[in-house]
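Peer 1: Take the sequences, apply the hints, and build the full model.
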Amino acid sequence: MKLGFFLKEALRSMRRSAAPSFAALATVLVTMLVLGVFIPIVQATNGAADSVRGRVEVDVYMNTNATAADDARVRNELLGLPHVRSVQFVSKQQAYQQQSAQNEQAYELLGSNPLPDTFHVIPDNPANVLAVHSEISGSGSGSGGGGLIDSSIQTVSNKQSDTQKILEVTNLVTITAAVLTVLLAIASILLIANTIRLSLYARRREVEVMKLVGATDWFIRVPFMIEGVIVGAAGALLAVAVLGATKIALLDPLASNWTLIAAPRTIGFSVLVIVLLAAGTLVSALGSGLSLRRFLRV
Amino acid sequence: MGLGRLAQPMARTESQHRTRRRRESAAPALPAAREARPVAAVPGAAPVIDFRGVSKRYPSGDIGLDQVTFSIDRGEFVFLVGSTGSGKSTVMRLLIKELDPTGGTLRVAGHDLGQIKRNRIAYYRRNIGVVFQDFKLLPSRTVYDNVAYALQVTGGTRREIRDKVPDILRLTGLSLKLHNYPDQLSGGEQQRVSIARAFVNHPPLLLADEPTGNLDPETSVDIMRLLYRINRTGTTVLVATHDQAMVDKMRRRVLELSEGRIVRDEATGLYTRDETTREFARRMRQPPTRPDGV
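Note that the protein sequences, when read in sequence, are chains R and H. Per this note's numbering: the first sequence = residues 12 to 309. Per this note's numbering: the second sequence = residues -7 to 286.
For the record, the hints were derived by calculation from the structure and aren't laboratory data. In this text the structure is predicted, and so the values were computed from the model without any measurement. Don't be surprised by glycine CBs; every beta carbon is placed ideally from N, CA and C. Any given hint might turn out to be false.
[Claimed, not checked] Cut-off 20 Å, straight-line C-alpha distance, at most; resulting in silico cross-link-like pairs (SDA-like, lysine to any residue):
no., chain 1, residue 1, chain 2, residue 2
1, H, Lys109, R, Arg305
2, R, Lys19, R, Arg308
3, R, Lys13, H, Arg133
4, R, Lys13, H, Gly147
5, R, Lys19, H, Thr134
6, H, Lys128, R, Leu223
7, H, Lys156, H, Leu168
8, H, Lys109, R, Ile231
9, R, Lys19, H, Arg244
10, H, Lys109, R, Leu223
11, R, Lys13, H, Leu168
12, H, Lys128, R, Lys13
13, H, Lys128, R, Arg215
[What the hints assert, rightly or not] With the C-beta cut set under 7 Å, the calculated list includes, among others, these residues of chain H facing chain R:
no., residue
14, Lys128
15, Val145
16, Asn206
17, Leu207
Peer 2: The structure is reproduced here in structure tokens:
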């Protein structure tokens, strides 16, 4: 009986003040649309940045006369270093096959295999690539600055400047995306809360009268919060519908025709739907409940 | 905790009113005959309203009330007069605990308003009916729903609402306006809705702040007649007004405020006379040149 009454109250006030309710609904719709587009974009950007960073590694070239025993020893030494996630071994034969496949004639001319055995050392975190590099090349803190860690190593690749650039650029991209996400979230909350506040302000005299008749704060607040839930859920649902239509009409055909573009891993659509619905409903309901506090002080 | 004790005596009077009302509706005779006998003021019992040296100083520095002391007994009909700014509205707002006094003690039905906690104010207010100059109706509700809201607030059941609301609307003469919205009503009708809302719970105390301030003299008489009828069911009525002519004709107890102090407290001779509302209305409509005409 109580819940039915509150529901009826909420519906009545939405009917009687349709314009403010519609404004709140439109605000939720627009912000949720922007969020719904923005979240996958941010994720795609972060994914791209991560995959670039994933390619950062240290290449260790062995002497051309290194034996299998040397390779095994160096492999263990490399694995023992801090911040090393894995070590990938490419034998000179494998390297020759790879390279000659790209430029067959040139390698035929050479006659013999000039390539050394190679280790690709992948750090646990791209940011640690320089530390790993200096450990291997002997300028790090651990080895006392005395040259390479093993005599059978010929050189350690020195692509410091490239690596540093990659790290800086991807860092910048990730941070920018994070800041934009936070700003957008704040803007959405403020926008929705403000619209609700305006529609409540229009009805503050009504709240005052309710208080004078002897209504408790919760008795007044609950219908407003139900109204917030309805408006928020309706706005978010509409936004989801628009997003879904766009996805089916525009994105899906694109994805199947343009398989060249590797689709970056983004949030699943169903998860996105749940996130948007929850966010729209919650912000709207809480916004109504909290904004009302001001007007309840009679 | 103060409220639990406060609610008890009030609940008792309310049930008395209810039996009285039922008897009235059982006999569909003339309005005058249907009325219950007036409850005489009981001077010995705890006063319904008791101001003891109450002061109210606003944060702006203005003095609302200055050491005001008076008391009103159960069943009384009292006018509170004075020019604007004399403190009438301050008295009303203190009584519904919209404001708190800055000095003195204020008791309603024997219980100190200062002891009522903030979250209990809503329950306290249900024991008081309030009528305002600007009616303060809910614009998004029909007449019926406006009155029903006062019952819904107290957790009244649907059955209770169906029983009581048409009853009180008949008493206030609004039976034909049930489904109108406030903006479709005249001022007098709106004020009657607000009185119906204030009285539907049968509160032991009814406050009216300038109830006729926005109304023409003829309508004002109707409103006063309605308040008098409510008073005759045993409800204590306190009316703030600056309508001097009305006060003179009514001949009830008059409290006059000036600059926050009580400057007059007198009851005129006819005060205790048992007078039906019909006689009352006839007397009220007579020209003021014959004050002793009944």
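Peer 1: Taking the hints in turn, state whether each one holds.
Peer 2: For each hint, the structure was consulted:
1. Lys109(H) with Arg305(R): holds, 19 Å
2. Lys19(R) with Arg308(R): violated, 25 Å
3. Lys13(R) with Arg133(H): holds, 19 Å
4. Lys13(R) with Gly147(H): holds, 8 Å
5. Lys19(R) with Thr134(H): Measuring from Cα to Cα gives roughly 14 Å; hence the hint holds.
6. Lys128(H) with Leu223(R): Status holds; Cα separation ~9 Å.
7. Lys156(H) with Leu168(H): OK: lysine 156(H) and leucine 168(H) at ~16 Å, within 20 Å.
8. Lys109(H) with Ile231(R): With Cα atoms ~19 Å apart, lysine 109(H) and isoleucine 231(R) stay inside 20 Å; holds.
9. Lys19(R) with Arg244(H): violated, 45 Å
10. Lys109(H) with Leu223(R): The hint holds at about 16 Å.
11. Lys13(R) with Leu168(H): violated, 29 Å
12. Lys128(H) with Lys13(R): violated, 25 Å
13. Lys128(H) with Arg215(R): Status holds; Cα separation ~12 Å.
14. Lys128: Hint on lysine 128(H): holds, closest Cβ of chain R at ~5 Å, below 7 Å.
15. Val145: Result: holds, 4 Å to nearest chain R Cβ.
16. Asn206: violated, 16 Å
17. Leu207: Where the cut-off is 7 Å and the nearest Cβ of chain R is about 19 Å from leucine 207(H), the hint is violated.
Comparing the model with each earlier hint shows violations of hints 2, 9, 11, 12, 16, 17; every other hint is respected.
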